[in-house]
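Undergrad: For reference, the chains in residue letters:
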Amino acid sequence: MPEHEAATTISARGLTRSFGSHIAVNNLTLELKRGEVLGFLGPNGAGKTTTMQMLTGNLAPSRGAISICGVDLLEEPAAAKARIGYLPEVPPLYRELTVDEYLMLAAKLHRVPKAHRREAIAAARHRCGLAEVGKKLIGTLSKGYQQRVGIAQAIVHGPEVVILDEPTVGLDPNQIREIRGLIRELGGAHSVILSTHILPEVEAVCDRVQIMHHGNLVYGDTIAALKQFESGATVLLGLRRPPALGELAAVPGVAAAACVEPTLFRLQFTPGGDSTETLVAHAVARGWGLYQLKPAQTSLEDVFVNLTRREEAN
Amino acid sequence: MIFTIAGKELRALFASPLAWVVLTVMQIITGYAFLRRLDDFLQMQPQLSQTASPPGATELVASPVFGTAAALLLFAIPILAMRLIAEERRNQTMVLLVSAPVSMSEIVLGKFLGLMAFLLAIVALTALMPLSLAGATRLDYGLLASLAAGLALLAASFAAVSLFISCLTVHPVAAAVGAFAALLGMMLTGEAAGDGLRARGWSVVASLAQVLSPGRNFEPFGKGLFDSYAVASSALLIAVFLALAIRQLDAQRLRG
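Line by line, the protein sequences are chains U and D.
Residues in the first sequence are numbered from 1 upward in steps of one, following the working numbering.
Residues in the second sequence are numbered from 1 upward in steps of one, following the working numbering.
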């Protein structure tokens, strides 16, 4: 297999799904490379879950093509599905089975060869922190543990692509942190698609982000690029003897200045440049009484709100 | 892969109280019917011994017991089958099977075989009751085998129809009630249509109506007849409904 083909694990082109007259996903194109963690972001009802159901073969697309590691999902579903691990929004757990029995079932269903099953189950349990609960009934586990069993089920057969639909919903902060660590770790060997509407989660674990809104892809780029998106770097500036706002805005390299509090200003540099030094030199030379200077990150949240609102305005 | 799913179904059945309740109730009621019939048989014994070639214990005791079991299965199978698809979809566990590299045919056949394994256990338990008389009287093993085969075939027909109805809805109780209504309707219309059509001399159409009537197919087995036509029409019924179930599940993936 040529190098570039092996590197792309999921490729979906022109994916469209409609329910009656309602278009849930519209002409979505998506590509994922090996070892990448892709954050799939969007408000509720944006079409994230529908997209994931299509990528995992649970729902047939109305139009479009999906290939998993070069295998067409619609033409050869069994071969393609063997390369995917999927944790849906509601983990598909059989409450009356023990963790070991359940993982054994998942391994068999995913055609893990008999000789490797025990190893595979032990490895999945170890990675998901389930080493102690193998003999327990799934129904008696706490929600956090059940979620981990769901993830273990998705990785037990060593799939090349892991698709997780809102994996941290309903967990406490410690569990969320553990699950995020696990996802980061998975990103090393597998490609991961992660859907969520929790923005810090994407910032914490993803390499790339795609934002969906009303079934359309409204944005797709790396996290770093997203933070710079449509604004240059921004700083918060605290001055004891502030000058007029116009004077601040006139400092070379400053694109805009806004007053946050009487002595606190938010300055935006012109895109592509960082004029912090000039700014400090000006403040000292003119005796503004500089007491605070810190970079104000454009949060993903701002970008997200901007994008989804702008979409609505159109 | 089919056997993995069948094994999973069987395990899930026995992990839930439902299977045990069904087994218990079936045993109590068929046991009662067995003892009643045995009592009657013992009381009739003096009169029977005076007739030439009197009917034996198998005919007078075993046949009605199998008839009772058949009637009970009409209630039990829709309830057992509602779990197979409807409840899995309601609990959203169906995703595990559909996401795995397993075809819909394998899922449906696996679930059908899992349920059949359980139903064959019921048939075996029912057969054990008359078999317990083996030391006391001479049993007609041919008739007993025919009764067991007929009951197994009847159970398979009921299971196939109920499995299909289970694919139609995500409400388990609606699936059970629907399956029960469908089975009852098929038995009644199949028989009535068969009789009515035969009375008019349309014997071919009447024979076709028999495909729809699992009860009518059971009858020859009750008399110790291994009727290949009844076997064929049961097999056709089972195949059609399993194919419909597979089609239905595939269509759901398209429809969403």
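Check each hint, because a few of them may be wrong.
A few chain D residues that face chain U, going by a derived Cβ cut-off under 10 Å, partial list only [unchecked claim]: (1) I5; (2) V25; (3) M94; (4) S103.
These are computed hints drawn from the structure, not numbers from a lab.
All of these numbers come straight from a predicted model, not from anything done at the bench.
Glycine included, each C-beta is placed from N, C-alpha and C at the ideal position.
Undergrad: If a hint holds in the structure, say so; if it doesn't, say that too.
TA: A quick look at each hint next to the structure:
1. I5: 8 Å, holds
2. V25: Cβ of D:V25 sits 21 Å from chain U, so the hint is violated.
3. M94: Holds, about 7 Å.
4. S103: Hint holds; D:S103 Cβ to chain U Cβ min 7 Å, cut 10 Å.
Of the hints listed earlier, the one the structure fails to meet is number 2.
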